[in-house]
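Read top to bottom, the protein sequences are chains A and B.
Take 1 as the starting number for the first sequence in the numbering used here and just add one per residue.
Take 1001 as the starting number for the second sequence in the numbering used here and just add one per residue.
Please keep in mind that the hints were generated in silico from the structure rather than gathered at the bench.
No false leads were slipped in.
A few chain A residues facing chain B, derived, Cβ under 10 Å:
no.	residue
1	ILE146
2	ILE147
3	TYR150
4	ALA214
List time: in silico BS3-like cross-link candidates among lysine-lysine, alpha-carbon distance up to 27 Å:
no.	chain 1	residue 1	chain 2	residue 2
5	B	LYS1370	B	LYS1445
6	B	LYS1370	A	LYS107
7	A	LYS167	B	LYS1370
8	B	LYS1093	B	LYS1029
Ideal Cβ positions, reconstructed from N, Cα and C, are used throughout, including at glycine.
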Amino acid sequence: MSFNYLSTIIFLPVAGAIIIALVPRLSSRQIKYIAALFTLIPLAISLGLFAAFDRSAAMAGQMQFEEFASWIPLINANYHLGVDGLSLPLVVLMSLLGFLAVLLSWKMNLRVREYFAWLLLLETSILGVFTSLDLLLFFIFWEIEIIPMYFLISIWGAGRKEYSAMKYVLYTLFGGALMLAGILSLYFTTGSLNMVEIAQTDLAPLVTSIPLAAIFFLLLAGFAVKLPIIPLHTWLPDAHTDAPTAVSVILAGTLIKMGGYAMIRISIGIFPQAAQDYAPLLLGLAAVNVVYGAAVTLKQTDIKRLIAYSSISHMGFVLLGIFALGEASLVGAGLQMFSHGIITGLLFAVAGIVMHNTGERDISKLGGLARQMPAIAVIFTIAGLGAMGVPTTSGFIAEVTIFLGAFASNVVSGVQIYTIISLLGILLAAAYTLWLLQRVFFGPVLEKFNQVRDADNLEKIYCAIFIALIFLVGLYPMILTDVFRTGIAPIAALFGG
Amino acid sequence: MNLELLLPELSLLITAIAVIMLDLFTERKGLLTVVSIAGLAIAAGFAITMWGTAPQAIFNNMLAVDNYALFFKLLFLGIAVLVILVSVDYVSKFARFHGEYHALVLLATLGMMLMTAATDLISIFVALELAAISFYVLVGFLKDKKSTEASLKFVLLGGVASAVLLFGMALTFGFTGTTQLPEIAQVIKGMSTQSLLANPGLILGLVLMIAGFGFKIAAVPFHMWVPDVYEGAPTPITLYLSVGSKVAGFAVILRVFYSAFALPEPLSLDWGMIFAILGAIGMTLGNVVAIQQANIKRMLAYSSIAHAGYIMIGLAAIGLSPTTDTLAQSSILFYVVAFTLADLAAFITVIAVSGKLGSDQISDYAGMGKQAPILALALSLGLISLIGLPPTAGFIAKFYIFSDAVSNGLLWLVIIAVLNSTISAYYYLRVVKVMWLNEPVGEGKVPSSFTLRLALAISCLGILLLGIAPDFIIKLAEMATSMFGF
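Start from the sequences, fold in the hints, and give me the full structure.
Set out below in structure tokens:
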């Protein structure tokens, strides 16, 4: 590979951040154009990689566009990047949301320079997580993300922003701390930090003083905070609710996907035995996530908090798909991560517009907005239908794949029960989504919102991009499933499924 | 007698005397800074030329000239340069005694350099006292109430610690019949494990020595002096205590325990476990108490107690497998360098800010991000490195020292340590929050001299360099530790 595409994708945003931070006397308009440019190019390259990606069965499990350089030889750490079918769609998703986040922030006028610098750094760190193949590098990107997120929430957020930001940091650091202990134990057991190499090693004969199940859970703790798995979820509603809109989109869209991605790549890719042993436990938690998350969603009165809780429920589907351990269910989990990224991303984006234009976020005080904001009402409804999993949207195809895959999976006994319980989540999703739509957009028209503007052109453009993607994936899921399958097939093969 | 091997120390001694003499004859006190730095640079030059040569013992095996000692000597010389650079703003506070201040800083440096080179219990003690007495005086230099109280406390407790240390050394001498570290090792190796462990004399000696050295490195429960002294001392001296004196303490401990008491294994398991427990208590207590501090110097004092706990993980790992382990020593060396850089960045900012505000209260840092963005950025970087977040030196240092501990079966200790890092994030980030989120209380910029900004730039670059490309320093640390030992 002559050109380092992945490094370019990862580091262009941070290069933009450095330019924005250091070049004096930039007007806020110039800063926004720089930010847009330095996220648009990575998006273009990642789409190019997506097109050029070799989907043939022969390449299944092979890393593509790999980059390798020795970094700290004494501890066997390398600068090692690569993507396979599992990570590539997430890279595309992140670079897309990174660009859209800049558009979403176009009206930002508070401490613009810092805001866009942190936003770009955030994009770099998440992209780094999805492309790192060295555990130390992976962990570094995983942790770097904390700092920009802390500032983004605590300066530009709303409500109890400082509390939420600190809570987010402490939860993430707590998970990260255990994860670091897990990475060190894994390094001690295998002598390697190379994820690909470790995944190909049979760990069972390498028994040391540290049991494999302990390492599995140390690592899983870090991922579980991110995904999040109940009871480690309480940071999520606070952080999502109080973050500025663009950051909520990135949080819900890709950041929590780091957890799902790492579970597939590391928890089950490296520890198939432990994953199989403890799958019933995690499937149980998945069902709790789905049902409890959805039930709590029903009760919410804050529009953003409601979407945040629905994310917990939707991540339960991902967890179900992952620990059903079947190929189809894993592909479904991947699809659901992508689909949830665009659907919830859109939900947060339009919720942001509603809140910005009406100045109101309490659902009970909103109502009848369909008359005053027709375009927003249509967009919100489409996103809502996606979240409910209505056919032709990506949400439908992702959830159906998970359920069929999990139901048919014969790796874990009793998976059918958890699947059936989780089906309740679909029902509840329809309830809270339709109820939300009804309360916000329908019903009697309220006088006080007569002066409220509808979406402007820029907002319509980025919403259109989201909607196009929702239907593209919904109608032609092959575009993603083909890619996911090349990455997931070898992992699923570990379980004979 | 190989005096040329002592050239770094001798040139430093001559510089110290020259500075005092010069002080009598010149009115331009800036000259003292220049002469001191020149002397330090010359000493560093001599030390660099010796790097990589075969280790030699001089003065009847009192001192060793090896890479290990040279590594620390260079580190201390570098720190001393930065301390003198940042003192430029500060010494104007003292009406007199500029010469003595500089000379004492140089003498303390000399003492610490000798500490790292000493291979005999007697020379260790003498070097340690040379450094300690210089620090006693420096701490009291402000002559106000707090500074005097700090100095008195430091002298009294330091005296007790020295006595305890000496008692431990005497017991060790009584037990082994020698004060030279290599010979102590020989004597102990020659004994049966049974008789060794049955005899409480040596164990007591070891424990007392750990207590004496523990005072230097601010290990809990010998840390009581730290917050008061750190708060009361002139801030450059606080800085020097926190990075210099502590690092020298670790250098001595590492040499003494590794080269004299490493074998037989049951013995090293004993002291390894002592360090593991002291480390676990130290980091937890340091971090938890730091949360409540309102004064940034006290907060950094407790943070340094916590960091001493992290470094002790490395000592514990050595104790658990003294013969097979190669990474632990270099990981300790790397950690002290990383800690030094981060603490430098933090304290240098504190010096600049207290020069403007006359206060060290964390709440007075409000809005520093607007008033002095460069200083605020440097302090944030230093604090982030102290938390151990990437891409800073602190992260690589933690990774390095923890990975070695895990491979020696200390997973439990590492889990305590990583959870402690999470706790520490709370109070470090609180300072960051105050600086960047709160509205400024005062008006105007925070002035800082060129020398201070230079010192700050060096430490910040170091933090990033060690965080992103740590290989060079890790290699140096490996070289420094590979030659000493058995």
